[in-house]
Amino acid sequence: MTADVSPEVCPHAANPPRYPFAWSPPMEMPEALRDVHGSSAMEVTLPSGDTATLVTRYQDVRALFADKRLSRNIARPDCARISKDNDLFMDPHIDPDPPKHTQVRSLVTKAFTARRIESLRPYVQEVADQLLDEMAAGPRPAELNEAFAFPLPIKVICKLLGVPAEDRDQFRGYVDGFLAVTKLPPEEIGKARQNLWKYLGDLIEAKRANPADDLISEFIRVRDEDDNRMNEHELHFWCQGLLIAGYVTTASQIGTGTAVLLNRPDLVREIQADWSLVPSAVEELLRTQIMGSSVGTMRYAVEDIPLSDGSVIKKGTSVLLSEEGANCDPAVFDNPFELDIRREENHHMTFGAGIHYCVGAALARMELQIATESLLRRFPSIRLAKPANELPRALGGFMEGFTEIPVDW
Amino acid sequence: MRVIATPSTCAVSSLCVYRLPTVFDQDEDGLVLILDDHPDPTLHEELHRAARACPTNSIKILDSD
Ligand code: SF4
Numbered sequence: 133m134t135a136d137v138s139p140e141v142c143p144h145a146a147n148p149p150r151y152p153f154a155w156s157p158p159m160e161m162p163e164a165l166r167d168v169h170g171s172s173a174m175e176v177t178l179p180s181g182d183t184a185t186l187v188t189r190y191q192d193v194r195a196l197f198a199d200k201r202l203s204r205n206i207a208r209p210d211c212a213r214i215s216k217d218n219d220l221f222m223d224p225h226i227d228p229d230p231p232k233h234t235q236v237r238s239l240v241t242k243a244f245t246a247r248r249i250e251s252l253r254p255y256v257q258e259v260a261d262q263l264l265d266e267m268a269a270g271p272r273p274a275e276l277n278e279a280f281a282f283p284l285p286i287k288v289i290c291k292l293l294g295v296p297a298e299d300r301d302q303f304r305g306y307v308d309g310f311l312a313v314t315k316l317p318p319e320e321i322g323k324a325r326q327n328l329w330k331y332l333g334d335l336i337e338a339k340r341a342n343p344a345d346d347l348i349s350e351f352i353r354v355r356d357e358d359d360n361r362m363n364e365h366e367l368h369f370w371c372q373g374l375l376i377a378g379y380v381t382t383a384s385q386i387g388t389g390t391a392v393l394l395n396r397p398d399l400v401r402e403i404q405a406d407w408s409l410v411p412s413a414v415e416e417l418l419r420t421q422i423m424g425s426s427v428g429t430m431r432y433a434v435e436d437i438p439l440s441d442g443s444v445i446k447k448g449t450s451v452l453l454s455e456e457g458a459n460c461d462p463a464v465f466d467n468p469f470e471l472d473i474r475r476e477e478n479h480h481m482t483f484g485a486g487i488h489y490c491v492g493a494a495l496a497r498m499e500l501q502i503a504t505e506s507l508l509r510r511f512p513s514i515r516l517a518k519p520a521n522e523l524p525r526a527l528g529g530f531m532e533g534f535t536e537i538p539v540d541w
Numbered sequence: 049m050r051v052i053a054t055p056s057t058c059a060v061s062s063l064c065v066y067r068l069p070t071v072f073d074q075d076e077d078g079l080v081l082i083l084d085d086h087p088d089p090t091l092h093e094e095l096h097r098a099a100r101a102c103p104t105n106s107i108k109i110l111d112s113d
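These protein sequence lines are chains A and B, in that order.
Everything in the first sequence is counted per the working numbering, starting at 133 for the first residue and increasing by one.
Everything in the second sequence is counted per the working numbering, starting at 49 for the first residue and increasing by one.
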């Protein structure tokens with residue numbers, strides 16, 4: 133199962149470190165990241181026990197995101213598995229490489245142009261304000277994930293996709309199970325996946341009968357008009373992907389980013405004195421807090437690929453593109469371990485690069501900016517209600533944000 | 049200074065549109081369009097940033113012309 137890695141790319145080959153790297157203490161970027169830039173790549177051990185090659189330098193990560201010699205089709209039997217019990221992202225019936233990928237992606241991008249995203253802005257603001265009103269009226273301290281960080285993106289993605297509001301709690305449970313790596317027993321992960329798949333199947337049928345002006349209805353229309361563009365399984369798969377990606381990532385980032393910011397009251401004051409800092413602060417929090425690490429960027433080398441340090445990834449190697457390695461590469465970012473909310477050029481890799489650049493990035497940015505500003509305006513003296521180092525991290529899932537963020541004001 | 053973009057490689061990140069809305073726009077599918085291919089010199093620094101930030105290297109700046 134392991135990749136065929138040439139010796140020069142795996143300096144730690146005798147005992148590859150565990151990956152994802154540990155967050156310790158929980159507010160700081162993983163300490164292990166300080167040591168990863170000496171070479172272009174290193175070997176790591178995944179929760180499944182398989183090994184993969186982690187590419188760590190910005191220059192290499194960025195280039196490899198766009199490299200056709202790396203396939204995203206990782207359902208191959210000899211590709212490393214992240215988890216033995218959850219084969220998320222590994223559907224053998226889905227081809228995530230071009231040209232199939234290009235066909236599907238072009239369907240989706242329409243919905244994510246800057247203009248479309250901007251037209252959602254008033255809605256996002258309204259939802260944020262309403263949630264904050266409810267939070268203000270509720271008990272103190274409030275738990276930020278439940279009160280704000282999760283409901284906001286769920287409401288937004290449901291509106292975009294056309295998922296009924298009353299179904300939110302139901303599918304949220306399925307999604308949480310779906311994204312477990314080691315934190316749930318395999319049967320439960322399996323059950324959650326089946327439930328989510330069934331839920332979406334029912335929703336697709338309901339929308340087929342009653343189309344509306346939303347993304348799922350649009351997918352169904354395209355699928356039904358032209359069988360070659362997308363089959364029923366693919367339709368289902370991509371709806372599921374958008375629902376999950378549109379909710380969990382943004383929710384985790386709102387929670388985690390806010391927690392990190394609240395741990396630095398000096399920075400909070402700085403933003404409150406100058407709201408134009410919100411976008412750069414959001415980017416910096418995106419750069420430094422990759423809650424899912426890079427477990428979602430598994431690739432498979434279909435040819436030999438030379439790296440910038442002269443080493444070579446051999447054909448047949450399982451490769452992880454280290455977004456967090458790239459994001460703290462000292463060759464690109466000054467003082468990479470410092471939270472600098474005024475960083476001017478912050479071309480971090482958190483949304484990937486190349487043709488797979490996160491299609492929801494502009495939406496996520498807008499939600500994060502609105503969430504951050506609205507929260508700090510509504511509660512000028514908001515603070516963590518627990519010492520930062522006691523906030524528990526959600527380990528054992530594809531998203532490693534904080535599970536609990538008590539705040540007071 | 050002239051700016052050109054390659055819609056065929058654009059990944060619809062919208063980064064350039066947000067950065068310089070008077071220079072970049074997107075078509076129906078979200079692919080980059082150039083509104084002004086000879087931007088004012090005051091925008092040049094920002095233009096270089098946009099080119100560097102483009103996740104697909106779809107923006108090129110030509111110094112001549
Ligand atoms: S920055 Fe690049 S990928 Fe993003 S919209 Fe502009 S041209 Fe396209």
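Calculated from the structure, these hints are not laboratory results.
Keep in mind that this is a model prediction, so the values were computed, not measured.
You may find that some hints are simply not true.
[Claimed, not checked] Facing chain B, a subset of chain A residues (Cβ under 8 Å, in silico):
hint, residue
1, Asp466
2, Pro468
3, His479
4, Tyr489
5, Ala494
All residues carry an ideal CB built from backbone N, CA and C; glycine is no exception.
Results of checking the hints against the structure:
no.	hint	verdict
1	Asp466	violated, 16 Å
2	Pro468	violated, 17 Å
3	His479	holds, 5 Å
4	Tyr489	holds, 4 Å
5	Ala494	holds, 4 Å
Of the numbered hints stated above, those contradicted by the structure are hints 1, 2, listed in ascending order.
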